[in-house]
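2 protein chains.
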Amino acid sequence: MMVIIMDNLIDISIIGYIAGTLTTFASLPQLIKSLKEKDMSNISLTFVITFTTGLSLWLVYGILRNDYPIIVFNILSLMFWIPITYLKIKDTLKKRKLS
Amino acid sequence: MMVIIMDNLIDISIIGYIAGTLTTFASLPQLIKSLKEKDMSNISLTFVITFTTGLSLWLVYGILRNDYPIIVFNILSLMFWIPITYLKIKDTLKKRKLS
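Those sequence lines, one after another, are chains S and Z. Sequential numbering from 3 applies to the first sequence in this note's numbering. Sequential numbering from 3 applies to the second sequence in this note's numbering.
If we strip away everything but chain S, and leave its shape as in the complex, we get (with noise of 0.2 Å):
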């Protein structure tokens, strides 16, 4: 899909992949600190929760729109989110199990 912006043809999905890059990126390294330390204390179990469901949500959106750049970067994301879920939900366990 094509659009002409101050007298260039560009094509869309150039600026969803640049706001892409920069929502996702954004938030990368306190993604990857998190990770990094597995440390899950200022992660709300519930926010995890309901993010990773609406990410999912936005690439079953973005399949279905074919969609690109909600396509790639909800992908990307969800390569993070995924596995902090996981393991908010097994750190909230252990110290259900711990009470």
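It is worth saying that the hints were derived from the structure and are not from the lab. Note that this is a predicted model, so its numbers are computed, not measured. There may be inaccurate statements among the hints.
One copy or any two copies: either way a pair holds, since identical chains are not told apart in the list.
Heads up, simulated BS3-like pairs for lysine-lysine below, C-alpha to C-alpha not over 30 Å straight-line [as the list claims (entries may be wrong)]:
#1 Lys97 x Lys35
#2 Lys96 x Lys40
#3 Lys40 x Lys99
#4 Lys38 x Lys96
#5 Lys92 x Lys35
#6 Lys38 x Lys99
#7 Lys96 x Lys35
#8 Lys40 x Lys92
Given chain S, work out where chain Z should sit, using these hints.
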């Protein structure tokens, strides 16, 4: 745009609206807390500027693709992230003056 899922004809946008609701409202408690307490200490300036720029480009992308779920939820997110960006920049400038 319609699709048949488990013999039901549904509008794909519904999936986008559910996805957007989950990802946007998942982070709401944290955003409201930061705005109320005006405590920007746990948010980095780089993250805020990168993320908010990304949201703005997703909004442009949604408008160009005439994709309502993307438009709606990026506007909603920006309604939180723009004030947070403003507060974070103000906070950072104040600290630089003091040092």
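Checked hints:
no.: 1; hint: Lys97 x Lys35; in the structure: both (21 Å within a copy, 25 Å between copies)
no.: 2; hint: Lys96 x Lys40; in the structure: within (13 Å within a copy, 34 Å between copies)
no.: 3; hint: Lys40 x Lys99; in the structure: within (19 Å within a copy, 36 Å between copies)
no.: 4; hint: Lys38 x Lys96; in the structure: within (19 Å within a copy, 33 Å between copies)
no.: 5; hint: Lys92 x Lys35; in the structure: both (18 Å within a copy, 26 Å between copies)
no.: 6; hint: Lys38 x Lys99; in the structure: within (24 Å within a copy, 35 Å between copies)
no.: 7; hint: Lys96 x Lys35; in the structure: both (21 Å within a copy, 28 Å between copies)
no.: 8; hint: Lys40 x Lys92; in the structure: within (11 Å within a copy, 33 Å between copies)
When held up to the earlier numbered hints, the structure conflicts with none and fits them all.
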